[in-house]
Structures are given as structure tokens and as C-alpha cells.
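Trainee: Read off the chains here:
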Amino acid sequence: MNTAPATKIAPLTKTGRRAKRLFSRLIVWGFLAMIAIFTVFPVLVTLFGSFKTNAELTTGATILPSVWHFSNYLEAWKQADFAKFTWNSLFISTFTTIGTLLLASMAAYAVDRRNFFGKSFYVSLQAATMFISIGAVVIRPQFELMVKLNLNSSLWGIIFILISAHATTFFILIGFFKGIPRDLDEAAYIDGCNFFSVYWRIILPLLKPGLGVAALFAFRNAWNEYILPLVFTMTNPKLQTLTVGLADLRYGTTAATQTHLIMAGACLSILPILIVYVIANKSFMQVTGGSVKG
Amino acid sequence: MTSLRKLGESYSFIIPSLIFTVVLGIYPILWAIRYMFYSYPGYGEEVFIGFGNFAALMRDEAYWNSVVNTAIYASGKIIITIPLSLVLAVILNKGLKGKNFLRAIYFMPTVLSTAVISIVFFNIFNSYNGIINQFLMKYHIVSKGIDWLGPDMAMFTSIIVAIWGAIGNYMLLFLAGLQSIPDDVYESASLDGANARQKFVYITVPMLGPVLQMIIMLAITISLKGYESIMVLTEGGPIGRTEVMYLYVYRMFFPISSSSTMIQQIGYGSAVGFMSAVIVGLITIGYFWISKRLNRIF
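Protein sequences, first through last, are from chains A and B.
My numbering puts the first sequence at residues 1 to 294.
My numbering puts the second sequence at residues 1 to 298.
Looking at chain B on its own, in the form it has when it is part of the complex (with noise of 0.2 Å):
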């Protein structure tokens, strides 16, 4: 049997794979590359303008306003998720009765599907008849029905319906890195005298400092990148208050969508991804090196 034959083989069964990464993954991305460059409304005559997108982008106020949002949006969702996803893993770590049960309740969420859920939430949140409204008024909590989806809350809310899917998830990963900090150590600190606060603060967090810096990275960069959530729920309105960057890239390339007014611009399109790609990636490059940076300290 020759060598050749053999790496053949090999090839033969990665080649399906191959094909598909090729044309399905990296050729689109060098496809949005090429038209960056390019003034390309999607129809007729596609013009080489430089960097004459990234110009207009830098002037762009409705981008940058969804850039703003974007922030808004994660960092209202991650304060509040990871904290929240941390102390339930470490209390459902325990021997508690019904701890599985618990578990399964608060991972359901990820199962779900978002755009789906995002409806759901929509109907409960809606202004005039949501269930929401009809139980707070019903018992006499508020005399006019909030505006949940309005312009002073749509935000607020669309941090909640992303928490909702969000806690279980996290808890899940929590629970992982729980797993590998060993008994012991819980043991001798608690014939010291610790208790459950000091425990917690002292033994938990710090050693689970490297998984909890990988879950808030991931938690950053899918907060920063979804946008499935809130184009169901909102459609990144009212009066673009919870237009977020995906949202905003994913309308210059298909505007067809009830409340849009945006012109299609697919060259716009991917200078306006292409950026949004990269503030995404410095701030990923910026929490690693501020945390590396604390670890030095700490």
C-alpha cells in the first residue's frame, strides 16, 4: 500500500467538508471584501469608489447611533446575566433537592428558537393588549397600560427577553468550571471557619477566574453580534432606539421588511459589516488584555 494511496483516502474524506467551508464560509466573506469597495445597490452597474463607503460610513449618524445601542444592549445584558447565570451554578452545584429539575427549567430557554420566543415576548409585552399590561391594570398596579415597545422602553425590554434566553446558557457553562475546582479545598476552608459568603469570594471566584474570563468573552461577543431577538421583537425601532449593528448591516442588504425606509446598498452594506466586524473584534482584543492585565495585579 503506498503512501499516496493512503493521503488520497484521507483527502477523500475531508474534500466533502472542504468544498462546503470553501464556498459556503470563506468565499462570501472575500465576497463582502471585494465589495467594500465597491458603490453596489444590488441591481445594474457596480462602481469601484475606494474607500468612498468607509467616508460616508464615518459620517453615518445612523450607524453610529446603532453602534451606541449595540453597547447599550450587551452591557445591559451581561451585567445583569452573568452575575445572575454565576450564583445560580453555585447553588445549583450543591446537593440541593430538585437541583436536575432546576437545571433543565433555567437551560429550556436555549433550546428554544429565539425568533420564535421573540414573538411570544412580543405579545406579552404589548402595549395595548399584552398580558403584561392587561395584569398590571387588572390589579391596579399602574392606571394606563405601560408602552413596553416604546420609545422609552423598547430597549429595556429587549434586555430582558435577551436575558430570559441567555441565564441557563451561562449557568450551563458555570457549572462546567465548577465541576473542576476540587472538593477539598471547600473542605479544609470550611474546618477554618469560612462560610458560604467567604467561600464564594475567597475560593469560588477565584478559581474559576480563567473560565470566567473565556464565558465573559464569549458573552461579549455574541451579545455584540445578535440581532435575531431584537429584529422580531422591535425591528430596531421605535425611532431606532434599539437599532442595533447586525441588525443595521442585515437591512442594507435585504431593506424588504414592514417599517423599513432603508435603501438597499450592498457595497455600503459591507463596508458597514467589515466595520462592524472589527469594532467587535477590538473590543474582544481590549476585555483580553485588560483581564490578562488584572491577572498581573491580582
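With the rest of the complex left out, here is chain A (with noise of 0.2 Å):
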């Protein structure tokens, strides 16, 4: 009488508990998705509504458009100027990040490969210039010395600015460096390499996978920023970047909003970086163990 109804249970908790892994593997992957659709819900809520007329966007609770209206993209790149911004984006991105690269790059070479008096208060310099930042603060002086340079009328102040901070790149390059044996260093000297040439012929080759990365890292940056070209851009507009050009369109210089402007923007801002980051994505997962932004 006893033994019948345990050998019953005993199926009936073998299903019971891969029915409780089920759920407990239903719940994960709720949560999961949860999060997923969370975090890229902005970013199709954008994709979409660059297709969309200015009206659908400020009445219709849709995601996808009724009609799809590639022309947005190019009313923003003429009319709301988005040629000129993206210009002036890829141009500030373009030389911040060749500018960050040479200045990191050498600077890791030498304190690498060399030791020299105040080597070590140069890289804890380094160091410092990454931790020590109070932000808003430093940038009316950074204004100041570039209008006393002539530089506030141009990119250039905006594009100094930011290779002055590459206090990261160089911490990622000192990284890449423990790669490159110290042997073909000197069998470089043996023939009759000196300093300078094995940098730029023996060290530069060999660091591309490092300087490829610390591009993708300074090239993001510079792209994104928006303080400092908003600063450097006040007066003026001419040289105003993606970043910039999309949030003054936001209080429309004509009367209304025209929302559709300003999705098919964002989009022309967030695809190229979205792009790269589809295709580097093992690169950006690498070393972002370093650089912390959030």
C-alpha cells in the first residue's frame, strides 16, 4: 500500500523538476529579452522614425512607418546643413585620432623601451590627468588659452583639446607593448637602425593591432563628444558638429520641432560609429576592461 504511491511520485518529480528548470530557464530568458528590447528600443525607435513623416511621428503610436520616407535624409543633409556637420565630425574625429596615436605611441615607445630620469613621474602624471578631472571646470580656461591663441574660430582648439587627453590611449599602447619582443629591437641597431628608425619602422608595424584598437577608442570619442564642440561653437554655427547641430535643431530655428529632421540626424550621427562597432566589436569588448565610461 505504501510502495505504490512512491513509485508514482518518482516520475511525477522527474518531470516536475525539468518542468521547474523549464521555467526557471523561461525566467532567464525573459529577463534577458527584457533588457535586450530595453536597450535597443531607442535605437530602432530611431531607425524607424527617420522614415516617417513629422506628422506620423507626433500622432501615430507605431513603430514602424506606414509609408517609408527615405527623403527625410536628404532634406537633413540639405536643408538642416547635415553635409557640413558630418564634415566637420569626421574632420575633428579624423585628426584627434591621428594626433592621439602619435602622442601616445611615442610616448609608450620611450618610457617602454627606455629608462630616463622622471619616467616615473611622467607615466604617474599620466595617470593623474585620467582620475584628477573636474570636468565642467577645465574647459573655460581651455577656451581662454585658445582665444588668446586664435584658435576658438577654428576645429583645431576643439581638436588640440581632445589629444590632450590621451592619457588612455597611452595606458592601452604600454599593454600592446609587452607583445613586441625587446630582441628585434636590437637586431634592428645590429643593422644599423637607430632610435627613431625603430620606432617608426620596426615598432609602428608591429603595433597595429594595438593602435588599430586605440583608434577605434579615440576616433568613438572624438565623434561623440558634444561639450567642447558646443563650447567652441557658439558663435559659431558654421562649424558645428553632428552632435551639436542635432540638439540646437531640437529647438528648431523654424517655429516647430521638426522631429523627423531630427531622426534621420541622429541616425546619419549613430550609424557610421553603430557600423564599426558591428564589425570591431571583439576589439571594443577587449579593452574596454580599461577605459570606463558610463
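Note that these hints are calculated values from the structure, not bench results.
All clues given are correct.
Listed next, the stretches of chain A that the computed footprint assigns to chain B, with coverage defined by at least 3 CB atoms under 8 Å from CB atoms of chain B:
| # | segment |
| --- | --- |
| 1 | 44-58 |
| 2 | 99-106 |
| 3 | 163-169 |
Partial selection, computed: residues in chain A whose CB lies under 8 Å from chain B:
| # | residue |
| --- | --- |
| 4 | I35 |
| 5 | F195 |
| 6 | Y226 |
| 7 | I227 |
| 8 | I262 |
| 9 | I270 |
Fair warning: this is a prediction, and the values are worked out from it, not measured in the lab.
Even for Gly, the Cβ is constructed at its ideal location relative to N, Cα and C.
Given two chains presented individually in distinct reference frames, assemble the corresponding complex, making use of the accompanying hints.
Mentor: See below:
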């Protein structure tokens, strides 16, 4: 009498356990899906919104546009001057990336390969600039300095300030230097190279993977920068970048806010970085342990 | 080859970097420290007033309001982001199908411009025609649109946007920390019959201790300093409800903004900036001290 229910329970607990596991797995997947939707939602709203009409954006509660208006991009590009904004963003990002890589790789080369008086002081100085950031306060003196140098009405002021924040790149590159054996330097010296030509001919080519990752980060930061270009273009709307031009569009020079142009503009500024991210996803994942934003 | 020549070569390679760092990194800080003691509106005369700016600062209710807001903003962001990103990291650390894809999705916000995303969120949360309100009203969840950027909800909305931007980043830092926990610890725990929850509480969290401390410290300093997202989303408004410390500092230096009524005060702004940096520093040191003591107790 007692054995009968016991044998009956056994298969039940087995399926019960399986049901429980399935249930907990469903919860986990539900949780992951929820966060994923939360994360992707604004990007999808932007992407689909960029093809809607302004009226549809302000009245219809749909995600997908009823009719796809590709002309929004053309209008944003021409009418809202996104062609100029894109050029400015590209200009700043390109020169900032080149400058940052050059400065940081030269310094990293000297610090990694040589011992010299004041080396540890220099390294701590770089580390300090990463941590002692009083944010908004330093922008004013940086701006005043650029006024004195007559660089406040060009994009070079912004570029120089962005280049000056190369400490993160420096430390990323120092990490990559560990992978380049010193024997190569010595062999090159024997072949008649000097300190500079070893850097230019041996180190830089071997540092390519590191430079690539660092370039990704420098370019992203410059492309996404908002406050510096905002400050420097307050009196020069012609020098505005995508981020600044877009924010300005929100307050509309015309009476009504043109949300469809904002969405198209947002896509123009987000998509290039998003595409680079999808392609170089692995590099982003690897190095972000060291650089933090958030 | 003389060592002097070697020294010269080494220096020639760090000097470009050093010049940029000193001129655009160190000098601005010294500049701000000097102007803390001056009354200087950005044009005309600079007047030395000693600690006058700090005396005014103590009576500046708008500033202390911004300090309180910063505390609310940072704690709201951290309390939700840290556990959420830790749980995500733990789940995605296992051999889950599609984990790389999910990691990429969660990390994506970190790659995008804070300012641009805040503009998008501004449109999403817009009270009149924002997509959230359109949905809520279409499906009759609410009869009248919620004023997401109004006085009652603006801080909440700002925190949501901040969480959106931060989860993936901390998830990745936690993932890096999790890689350092050896697998055999989990294996032996499984042999002893530990379930997933027990493994998380008794192995993952304690072994992640030092990394967790570091990440929380980073989260605190970053959240206290952040103002770009709020600047674009709400401009500190309405009626100062989302005004944070560094946004207030920014306004003292560049008060040219559509809704701003503040007067440019560079000397005073330097003092406010210094005070804000001190507050961030003290909180960081305080946190460091507490977490060290907790370490000793447990």
C-alpha cells in the first residue's frame, strides 16, 4: 500500500524537476529579452522614426512607418545642413585620432624601451590626468587659452584639447608593447637602425593591432564629443558637429520642431559608429576593461 | 654612444605628449585654482576677494539643491545598474546559446553618443507627442499623457536614461572580473550539491569582492561627475529638479543656453567647481574607507 504512491511520485518528481528547470530557464530568457528590448528600443525608434513624416511621428503610436520616406535624409542632408555637420565631425575625429595615436605611441615607446630620469614622474602624471578630472571647470581655461592662440574660431582648438586627453590611449598601448619582443629592436640596432628608425620601421608596424584598437576608441570619443564642440561653436554655427547641430535642431530655428529631421540626423550620427562597432565588436569588448564610460 | 644622447632621444619622444598634458591638462587646473579667490565675471576687472566666493557658496541654495539632486541621481543609477549588470554578467558568463550576441547588444549603448541618445530619449519621453505616451494612451493604460519631463518625473526619467547607458559597460567589467574566478571552485561546489543561487551568494560575490569594490568606486565617481546626458535631456529643469553639481558649474562658465537665466561668474564658478571636486573626492574616500572596514569584518 505504501509502495504504490511512492512509485507514482518518482516519475512525477522527475517531470516536476524538468518543468521547474524549464520554468527557471524561461524566467532567465525573459529577463535577458526584456533588457535587450530596453537596450535596443531607442535605436529602433530612431531608425524607423527617421523614415516617418513629422505628422506620423507626433500622432501615430506605431513603430514601423506606414510609408517609408527616404527623402528625410536628403532633406536633413541639405536643408538642415547635415552635410556640413558631418564634415566637421569627420574632420575633428580624424585629426584627433591621428594626433592621439602619434603622441601616445611615441611616449609609450620611450617609456617602455628606455629608462630615463623622470620616467616614473611622467607615468604618474599621465595616470593623474585620468583621475583628477574636474570636468566642467577646465573647459573655461582651455577655451580662454584657445582664444589667446586664435584657435577658438576653428576646429583645431577642439582637436588640440581632445588630443591632450591621450592618457587612456597611452596606457592601452603600453599594454600592447608587452607583446613586442625587445630582441627585434636589438637586431635592428645591429643592422644600423637608430632610436627613431626602430620606432618608425619596427615598432609602429608591429603595433598595428594595438593602434587599431586605440584608434577605434579615440575616434569614437571624438565623434561622440558634445560639450567641447558646443562651447567652441556658440558663436560659429558653421563649425558645429553632428552632436551639436542635432541638439540645436531640437529647439528649432523654425517654429515647429522637425522631429523627422532630428531622427534622420540622429541616424546619420549614430549609424557610422554603430557599423564600426558591429565590425569591430571583439576589439571593443577586449579593451573596455580599461576604459570606462557610463 | 653617450648616455646623454640616449637621454635626449628618450625625452624627444615624450616631450610632445608632455607639452599637451601640461598646457591643456595641468595649466587649466591651476588657472581655476587661482580664480577661486577672485571675483571675475569673464570680462573687465578681476578683483581679489579671498574666500569670498566660498562664503557665498555656503549660502547658495541653488548649488546645494544641485548637490542633493546629484546624490539622488547617482544613487538611483548605481542601486539599479550595479546589481542588474552583475546578474547579466553572471548569466552571460555561462555557456549560454547566443551569449556573444547578447553581450554585443547590451554593450551597444556605450558606443553611442550620450548627447545624441539623450536627444532621442527626449523625443521618446516627450509629454505631448512622445512615443511612450502615445502607446500608453492608445492602449488606454493612461487616459492622459504622463509628463515624463515634468517636475515630478524628470529625475526618474533622467535616471532611466542613465541606466540605459551604463548597464552594458558595468556588465563588461564584471565579466572581466568573473573570468578570474577559477572553474574548479564551481565544480567542487557542484559536487557538494550547491545550487545556482548558493554558488552565486557563497562563491561569485565573495570572490568578486575586490573587483566589485573597484567597479562600485568607479560607478560612484562617474555618476557624480556626469552631466552631459541631463544637460541635453532636461537642461537641469524643470524648476531645477534635475540640476546636478557639474551642470551647475558648467552654467557658471557658459551660461548661454535657451532656458538659462544665470549670470556668468568665472571666479565663483571656479570655487563651485573646486567644492564639487572636493565633494566627489570625499565621497570616494569615504566609500573606500567603509569598504575596507567591511573587508576586515567579513
